[in-house]
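Respectively, the protein sequence lines represent chains A and B.
For the first sequence, the positions run 41 to 362 when the numbering used here is used.
For the second sequence, the positions run 67 to 271 when the numbering used here is used.
Please note: incorrect hints may appear among the correct ones.
In the DSBU-like style, the derived pairs of lysine-lysine whose C-alpha atoms are separated by at most 30 angstroms in a straight line are [to be verified]:
no.	chain 1	residue 1	chain 2	residue 2
1	B	K74	B	K133
2	A	K341	B	K72
3	B	K155	A	K341
4	B	K155	B	K249
5	B	K228	B	K211
6	A	K341	A	K358
Hints are computed from structural coordinates only; laboratory data are not their basis.
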Amino acid sequence: MQVIIILIEILILFAIIMLHVAYATYFERKIIGHMQVRMGPMRVGWHGLLQPIADGIKSFFKEDIVPEQADRITFRAAPIICLVAMMTSLAVLPFAKGWVLADINIGLLFIFAMSSLSSYGIILAGWASNSKFTFLGGLRSMAQVISYEIAMGLSLVGVMMMSGTLNLTKIVEAQGGSFTGMYVFPQIIAFFVFFISMLAETNRVPFDLPEAETELVSGYCTEYSGMRYAIFFMAEYIGMMVMASIGTICFLGGWNGPFEVSIFPPFWFVFKVYAFMFLFIWIRATLPRYRYDQLMSLGWKLLIPLALANIVLTGLVKAIIG
Amino acid sequence: MQVQYKPKRNLLETILHTEIMQGLALTLKRLFSKPITRQYPQEKPDIQLGFRGQHALVRDPETGGSKCIACMRCVTVCPSRCIHIRYHKDEENDSRVVESYDIEALRCVYCGFCEEVCPVNALVLTEVFEYASYDRESIFFDQEKLLKNWDDFAEMKGSAIKNYVNPFWRPRGLPEKYLAAAKRVNVPEEWTVEGQFVGHLAKEQ
């Protein structure tokens, strides 16, 4: 009985997340369009509202091409690794009080593990396609993940020290319902480091070197087509949502808001996640891409020392006050 | 000239990322501005004065044919050599009779020289621009097609076609006395900029 209920819950979550992913692409295209003084999708449905569905149908029915020289098994597995890793981390996210599939005590660690696992998908895709562009994209992704994973992990150590737990529900509860209780104020340095590494983790502009269109065609997914390409796309957007959710949970007080919305408890959570998503898109519309060495020097010379300093600072304050 | 790649900024500006914030403010401002793009097939662009589109031979209301007198000026002036005229001499009254008048529209560069030099305003580049096609034959215009283009254009313009004057029929930079009789047409005021006379004409003024 328990298993069936969990399965139904998983199915509901899956469906909702897929719809959100579809409409996140629409949201992004519309916002970027208007920021560039054009309209974005306008044709399918009213103001292009059915565009994501049309895109989905199109990519589902497109021919699936596997390059002749590719490593077939790895080539087919790579997008699935990406998607599975990203979707698994959804299980531990608390959308509201009690609205969580698996309330495990190592939630934060689990998400770290899964987000680094998803970069395996990218690296394997780059390797298996047997093409120079995908290979370079995979290499870049590898280096990027190594340097930014550390900064991100260290930046969240401050949060762990303040809340004293890795359980995401407990982290939200530790922040309390008040505005000043949010960890973004005491952990402002950590938030800064986390935000930048979050952009790099999800391969978004200005750190989208693995799929840099201008120099690498489409980076690691150059050789992919049809549904497999769409799976990479889904994984990227779910990754964005997961990272936005972690930001919300660890720094912005999760589902707590100025007032309770009793009909839909996760209201404030969704609101904050979409604020993060808007920020992602806003930054994409504004900033150019970093050069590769700049990316590395930013990660190793600035973010990691800052995150370490933040840990020392938090520890000192904690030792003095309590 | 020395290009400063990295503008000087103080520590506070570096920490607060003022330059990135400026960029973000700009994109946010643009988010609420009106898009400048047009939903093309539904919204047509407004045609400006001096638009040069599909070629047409003006249908003379008196004869029902073209006004062309086979003077070959358009053929001579055409930079891409896309106009071909064949004619013969009428022995009775010593006038030229056009046998064929062809324009290879795919080679045309739409400079409008042909309509400027035409002494009888026979040729015109209309305001029609949607005539793309899947085959080359339909964009090769012979005399019949050119006359039909004019009819289509007349239908598009409706009753305004009676007073239609293409601004290129009156070349700019020439005073009225240097123009052939047919070229002394009334064009909009902003088109005949009198200060545009050049060379010895400018000295005469």
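When the hints from earlier in the document are held up against this structure, which numbers fail?
Violated hints (numbers, rising): 1 and 3; every other hint is consistent with the structure.
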